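Participant: For reference, the chains in residue letters:
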Amino acid sequence: MKITQISVFLENRKGRLFEICSLLGQAGINIRALTIAETETFGVLRMVVDKPAEAIDLFRKNNITANQTEVVAVEVPDSPGGLAQVLGILRDHNVNVEYMYGFVEKQSEKALLVFRFDNPEQAHQVLAKSGLSVVDEKGIQGL
Amino acid sequence: MIWNEAIETMPLKDLKNLQSERLVKLCKYVYENCPVYKQKFDDQGITPSDITSIDDIEKLPFTTKLDMRDNYPFGLFSRPRADLVEIHVSSGTTGNPTLVGYTRDDIKLWSDVMARSLCCAGAQPDDIIQIAYGYGLFTGGLGFHYGALEMGLTIIPTSSGQTKRQLKIMQDFKPRILACTPSYSLYMAEEAKELGIDPRTASWNIGIFGAEPWSEPMRAEIEETWNMLATDVYGLSEIIGPGVSQECTYKDGLHVYSDVFYPEIIDPETGQSVAEGEDGELVFTTLTKQGIPLIRYRTRDIVSMTNQPCKCGRTSPRTSKIKGRTDDMIVVRGINVFPSQIEHVLLGIEGTQPHYQLIIDRQAHKLDNVEIMVEVDEKIFSDEIKQMRVLEAKIKKEIEAVLSIGVTVKLVEPKTIQRSEGKAKRVVDKRSL
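Sequence order for the protein chains is G and A.
Numbered according to the working numbering, the first sequence terminates at residue 148, and the numbering increases by one at each position without gaps.
Numbered according to the working numbering, the second sequence terminates at residue 417, and the numbering increases by one at each position without gaps.
Okay, chain A solo, but in the shape it has when bound (with noise of 0.2 Å):
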């Protein structure tokens, strides 16, 4: 079934005239709350009038995370602080977490798109959802249990980990929705045969999987394993979290939200928009959000998108898969990770810049694992053991404390980490994605 129907498969023309009628509503409101906004108008030169049309866009200015990050906490917001019901965090490059918050109408809209994602998906009103995505700060748990609530499914908020107890729940329960990060589906595969459960025979049908990359690959892995169809969900905080864009039963391209998140493919050298189906940067602009409404809001991934009608009905444009990052992000286990936080935590341990590389590995069905060599040079090198022992637990606490996820640290000696151009690479990822 399609949740919204009347939005969801309205004719382009008429999307158009709703994105348009949107944009210049939302171009006012932004001019006259957000002094952040204001300021960036100001400088382009424009004002709320320039723009009459979604054509118009392309006049207004970009919002990054350096955005976010500069006017954190609340600087980017429209609205006060007061009128925010909930608020979420995501870590940041460096310093500064992303702060994103939603007001009454900001969770309704949420619900909203997130019962549309699970609707693709395949998702029947009397359906139950086990709701594996971290519970609390992560937009994943949350934003999934306002769209099944909007639904009126029935629940089972597991949040993440306690394999053991996912699997007994899957059994006693027989929910037919799995909802989690696509390696921890692999991750729960793998504990299930462990116990001498077959997972070909789980109550599971339709898994919607997202917060990290993954490829076509790994989709057939899951697809056979579980049997069952796996479905790619894509968000990210700063636009609402999950519910941006969602494959439907097809599995050719996410359907984009577009009526209240507009995306453009754009070059990211040069900012300007690229030809229908080629890869580019995504950019969003939140047509409808109160609290914090982003304007072309770039969120660095790559895809290509197209406007070709979906068997399914749905005229909405279609992305694809996440091709890439402009910038040195890498998701693990659904968090993002920049090399920047790790600089920073061994920047304070040692006062100065040491080498050092990050490998994240994927073995087959299991979490990914980070593993972070550091090159031991005169400054931190003891002759104790137990000296060297205490800097190895304190690197690794402190990268943890700032990843939120678990890491392991290796001593090495110099020169270890590969150089190109004299420069170390920083990230070497293993993961067939």
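Next comes chain G alone, as it looks inside the complex (with noise of 0.2 Å):
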């Protein structure tokens, strides 16, 4: 099962973060995951939230340049070498990550990894076979 993350281009302004979790929040949209990536000039927002669909008309609404990719997340439990346990099967099976980044949720122990590849149908696949818990948008929903 894939997940949708949002991603939002921003320029490397003050305050800027703030505006755009501010209009989240506002409309009552959770992010469960975050992750930035920068350059000296603008960075990319990534992130996984309860409800993808209305987060994306939001940032439409707001002139926000925003878009949506088919991310996969699996969560682990949060102890040494969960994500290493991960990575060695993603590794065994040649599939390749673009990027990842990851969230602890402290009252279940786990943590949630989020993975963007180049071929997320064949990742999917992989991970789920090997017995880890892929979450869906429901599960994502329901963090």
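These are calculated hints, taken from the structure and not from any lab test.
Treat the hints with care, since some could be wrong.
Unchecked claim - Label pairs and their in silico Cβ distance ranges:
1. F23/G to T48/A: 32 to 40 Å
2. K409/A to K143/G: 42 to 50 Å
3. P109/A to T46/G: 52 to 60 Å
4. T44/G to I343/A: 17 to 25 Å
5. G20/G to E253/A: 16 to 24 Å
What the hints assert, rightly or not - With a Cα cut of at most 25 Å, we get these calculated BS3-like pairs of lysine-lysine:
6. K409/A to K399/A
7. K394/A to K19/G
8. K399/A to K414/A
9. K66/G to K409/A
10. K235/A to K295/A
11. K370/A to K19/G
12. K370/A to K7/G
13. K152/A to K399/A
14. K399/A to K350/A
15. K7/G to K134/G
16. K350/A to K305/A
17. K66/G to K399/A
18. K66/G to K56/G
19. K350/A to K56/G
20. K7/G to K363/A
21. K399/A to K19/G
22. K307/A to K363/A
23. K409/A to K370/A
24. K305/A to K152/A
25. K394/A to K380/A
26. K12/A to K0/A
27. K409/A to K380/A
28. K(-3)/A to K24/A
29. K307/A to K350/A
30. K66/G to K394/A
31. K394/A to K409/A
32. K378/A to K363/A
33. K66/G to K363/A
34. K66/G to K134/G
35. K177/A to K350/A
Claimed, not checked - A few chain G residues that don't get close to chain A, going by computed Cβ distances all over 10 Å:
36. K7
37. G33
38. L39
39. H98
40. A116
Values in this document were obtained by computation on a predicted structure and should not be read as measured data.
The beta-carbon is built from N, C-alpha and C at its ideal position, and this holds for glycine as well.
Using the hints, build the complex out of the two chains.
Facilitator: In structure tokens form, the structure reads like this:
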């Protein structure tokens, strides 16, 4: 099961991240995982939210450049070697990771790992077959 | 000294007769040799026999940059290609560049008017000149070269760039004359200071600066920095290249070589000539050119003109420095830049017209900097930084290929670029010209 990641184009400018996050907050959209990749002049904010379709609409209405990408989210125990286990499986199956980021959930003692693959279909199959807990959209909403 | 004294100090009445005689010949020449002009005359309902004096020039059709583009490459020429000994190319608004060509006689004409310019600026026959305008398709370098050759100066053809070497050559050979763009002279001054050279001790006493607009404060700065006389040269490749007009040492307007390049100042809206001294668009008719003579070519430069005699003794009319443009062309480091060129490139990359803005800045003692801001919309946005980097680099590379100057590209968020009445402002020129 693949899930939707929202990416937002950001200029490196004071307060910009605050503005984006405030918009989501006011609209009652919850951020589940988030990362920022940056260059000297601009950045890309990537996040997994509970209501991706609403988030995209919200950004469009506010003239914020955003798009959706399919990513794969995996839940692993929040313990040493958790991420390495997943990466080992991917390596063994020759699956390339474009980028990834992680999020720890204190209550469930689990970590959510979000992966961007160039071939999400194949990656998803590999991970599902290996018995890992791949999270779907519903799962994201329930987190 | 005055290079062509008979012509340059000719009484205005005689000058007018000469211009009339040449215009009559020119009309017959283009009518018989250039199908495009024949068509233009026919469309206007006139024949060469309707033109009997220079006062009839207003009956003639205009020629524009569009005519140059539409008849690219050789359609506007009045001579077969084989008669040309040299061609030059400058950037056009979109698509085709502007092509001009010279017959052997045209090169002689160019040499003569450039020799006039050099003398006008104060050159003496035993001078050394350092020509730091670009040599190549750009007319700047070779135009000065021909004039200096004609005058018998010692030429150092350094071309543009390689500033350290320029300065070493200046120190070693002690040229008295420097020819380059005004901004490059200030750039060299900074470099000189960094190398521990006091610009005020430089051998250059006379500067002949052009190919980009510059202001009186900039002149003052150049003269103070280099301890030299800074004069303005004007030209455009369509007419001949540099050597259309030039300031004399009195620096009171640019002397137009009106015996060969007949100037008119018109209202760009109505096409009617304006009163003496009023601002308007500068229009030239090349009275004696052979390869690609042009009739009433609209330069799009805004100037004013006076027929008052100058203290130097030259009788030809003088124009002011360029006060503006009738189109959106900007000149950066001697290169013509049209926003439409940027549009073209962006359209090619993205398939649609994105919002963009050109910011031109001239920091103190630095060359003009061009930054292009491009708004990132959903079509070009990627969640992968490397894709965005590739896009940024591609825009930069393609724009640089079209403009022939270095630029920086900045990706910005939508609606970052100011819009007025719904339209984005395409050019922000922060240079204090």
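Participant: Starting from the hint list further up, note which numbers the structure goes against and sort them upward.
Facilitator: Violated: hints 1, 5, 13, 14, 19, 22, 23, 24, 28 and 34.
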